[in-house]
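Enquirer: Letter by letter, the chains look like this.
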Amino acid sequence: MARISIDPVTRIEGHLRIDVEVDGGTVNKAWASCTMWRGLETVLKGRDAREGWVFAQRFCGVCTTVHAIASVRAVEDALSLEIPANAQYIRNLILIGHALHDHIVHFYHLSALDWVDIMEIPKADPAKAASTAEGCSSWTGNSRVELQAVQDKVKGIVASGQLGIFSHGYWGHPAMRLSPELNLILFSHYLQALDFQRKSCQVVAILGGKTPHIQNLAVGGVMNAINLDSLATFNMDRLGTLKAILEDLIPFVQQVFLADACLLAAEYPEWLHYGRGVTNYVAVPDLPLDAKATKFDLPGGVIMDGQLSSVRPIVNWKDEAFRKAVTEDSTRAWYQHGGPLQPYKGMTDPDYTGFKEDAKYTWVKAPRYDGHPMQVGPLANVLVGYASGHPLTRKWTDTAFTRIAAVNGLKVTPNDMQSTMGRYLARSIRSAMLADLALAHLQLLTTNILDGDHTTYNLPQFPKGEMMGMGMHEAPRGALSHWVVIDSGAFTNYQAVVPSTWNASPRDEKGVPGPYETSLIGNPVVEAEKPLEVLRTVHSFDPCMACSCHTLDSSGAEIAQVKVL
Amino acid sequence: MIAPPLRVAVIGIGNVLLGDDGFGPLVVETFRCRFACEPSIEIHDLGTPGLDLAPYLYGKDLVVLVDAVQAEGTPGTLSYYCEGDFVSRSARLRVSGHDPGLWEALAHLRLAGQSPSELIILGVIPESCSFGAGVGAVLLDRSSIAADNIANLLVQRGVLCHRRQIAIQQNLWWLPPSGAASVTAS
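Going down the list, the protein sequences come from chains H and E.
Going by the numbering used here, the first residue of the first sequence is number 34, and it counts up by one from there.
Going by the numbering used here, the first residue of the second sequence is number 1055, and it counts up by one from there.
Calculated from the structure, these hints are not laboratory results.
Errors might be hidden in some of the hints.
Derived pair list, reagent style DMTMM-like, types lysine to aspartate or glutamate, alpha-carbon separation capped at 25 Å [stated by the list, open to error]:
| hint | chain 1 | residue 1 | chain 2 | residue 2 |
| --- | --- | --- | --- | --- |
| 1 | H | Lys-62 | H | Asp-40 |
| 2 | H | Lys-243 | E | Glu-1172 |
| 3 | H | Lys-243 | E | Asp-1139 |
| 4 | H | Lys-186 | E | Glu-1096 |
| 5 | H | Lys-243 | E | Glu-1181 |
| 6 | H | Lys-276 | E | Glu-1096 |
| 7 | H | Lys-232 | E | Asp-1139 |
| 8 | H | Lys-351 | H | Glu-74 |
| 9 | H | Lys-186 | E | Asp-1115 |
| 10 | H | Lys-243 | H | Glu-84 |
| 11 | H | Lys-328 | H | Glu-303 |
| 12 | H | Lys-232 | E | Glu-1092 |
As the structure is a prediction and not an experimental result, all values here were calculated from the model.
The whole structure should be built from the sequences, with the hints applied where relevant.
Expert: What follows is the structure, given as structure tokens:
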């Protein structure tokens, strides 16, 4: 039996340690440990509730906007404050822009190299690669000339021996199985993706005033002044610019990103069976379609025990069952309090005692839903939508299944999606859906403005006395909720139950492990020194460990370690 | 023929909620308020972006990046690095939480043919990066010098940049009200 410790896991946002016990080439025990303390909740206590979102968007250096949105929604919920329809659409477009950026970066820059072997690229035949790529999609960026140029760049790097950031890949690993041509195609998209992730940032910047920290939010709506006659405000010109950017971005998402995820699924079918993990799912409704937030373009719901037919819809943000069901347990996390607490009563007092696998071993609390661990993320989002018969989810999921079958006849079912590869597929399906929805919500905004509604903000009024509120957002990494207690306009408690907390959850008071931990059980590990298979499953969740501290290290010290104990 | 304007980004990196780690954001805000530049100059407080730095470096002629650095020396020491200073080290993948993703972002952009033509890193040695505090007195004092130095760098490269006759009020929202007053008074 071998014990492998990966600290930190690379190609994620933030800081994560994974320990696994491997017996006979298979993982039989796993621990996920977040090695950094967030603690921003303590900064928010006593702050003006109207300003909370500005601080909340510094929860994380990467997923900034999602916390800003959840924060204003939580305060609006406490006040029962409705926001104008324009504000809903503008927020929705920002969220879509952010999510597309996040999903593109995750698929290509943070995880593709778990499946793509760069060292195989010099062997590829660019002409053959071009004709293969043309068979997969109508994308125009797959020409022989383009692929040849990428291959030449890679040949240059390999010949120089200066692999730079690529020197730590598990090249030549037996679990890497793509042909040289497919490696070339995917790596060429990896480079093209740099341009498209930038375009999705522009969507956020145009509407939010600035990225990565948007400036246009307010409790009560958004601060975008709409005046079709003024150049200085939000006008038809801006709407036209947004449309042009989206029309450039959407084909990359729907014809390249989705096609590449389908290609990986077809080429690595065994990964539709590994990594199932916790099969309870929760997704929250998002992209509201009206001022009162009664209808949504992304459905929410709860699925237990992998039974898609048992889906319980969460129809809106007022859902009482969700509010009652969520708790956080810190029996195994480095906080003073132990057993489950409702988030409004949540505590964040640190108590660091070192990594002890039988006691406390992480900074992440264990969120539970009616006492159960839950998986969140694009997979939960897609499964809930599919199970509820949501037409857009069905359209793109079925498109993905058809594309996979077209590669090599592989038949994929919604049940197969409950796997490591399913999480990659779900992220690309969700992106294809969001690409459609981006244009739809831009149209809703434009129509509403042309109909003469220019309101974007309703003034909040804070009564004396204590009130509580919860704001939801279906973020790129899954269900996010901010829980606030406000007294006379200032926060007296603030707890964020974030997607990576659900997924990176440690064991709870009953010893039940969380989704990362469970999903690793049964994973193969062919070479203990190169635990590529462990990374594939961990990366499938798109971990983001709320990196809250950093300095540029000029000493060049190597920090990542894989230890086989 | 008139040359097209230089594509320049002045970028502050760091967590404003972690004491001296907030030096980068403080310096770019100070620079923005004290100097007026031609409109094509982008000024960003990027927080702790990780790999998401790439879009802000994409296709630039010049990037000036202000950050806290881990180095031997007295807190408050300002150092300038160009990309070449890191060449031997950039061969390594930097993966800690103490890593802004700079090398990885640069390597990606180089492959895509869109890396900045010139990169200057203005680094400061921090005194204390404790949670919830603002930038300490030593680094606060250095922030004005750093902002002036950025202006000099830009002027040397032909960028239109001049000191404002009346500085704009700084927006240092993350500091408690008393702290903000002491900063603007300096």
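Enquirer: Each hint should be assessed against the structure and marked as holding or not.
Expert: Checked hints:
no.	hint	verdict
1	H/Lys-62 to H/Asp-40	holds, 17 Å
2	H/Lys-243 to E/Glu-1172	holds, 24 Å
3	H/Lys-243 to E/Asp-1139	violated, 31 Å
4	H/Lys-186 to E/Glu-1096	violated, 30 Å
5	H/Lys-243 to E/Glu-1181	violated, 30 Å
6	H/Lys-276 to E/Glu-1096	holds, 23 Å
7	H/Lys-232 to E/Asp-1139	violated, 31 Å
8	H/Lys-351 to H/Glu-74	holds, 23 Å
9	H/Lys-186 to E/Asp-1115	holds, 22 Å
10	H/Lys-243 to H/Glu-84	holds, 17 Å
11	H/Lys-328 to H/Glu-303	violated, 39 Å
12	H/Lys-232 to E/Glu-1092	holds, 24 Å
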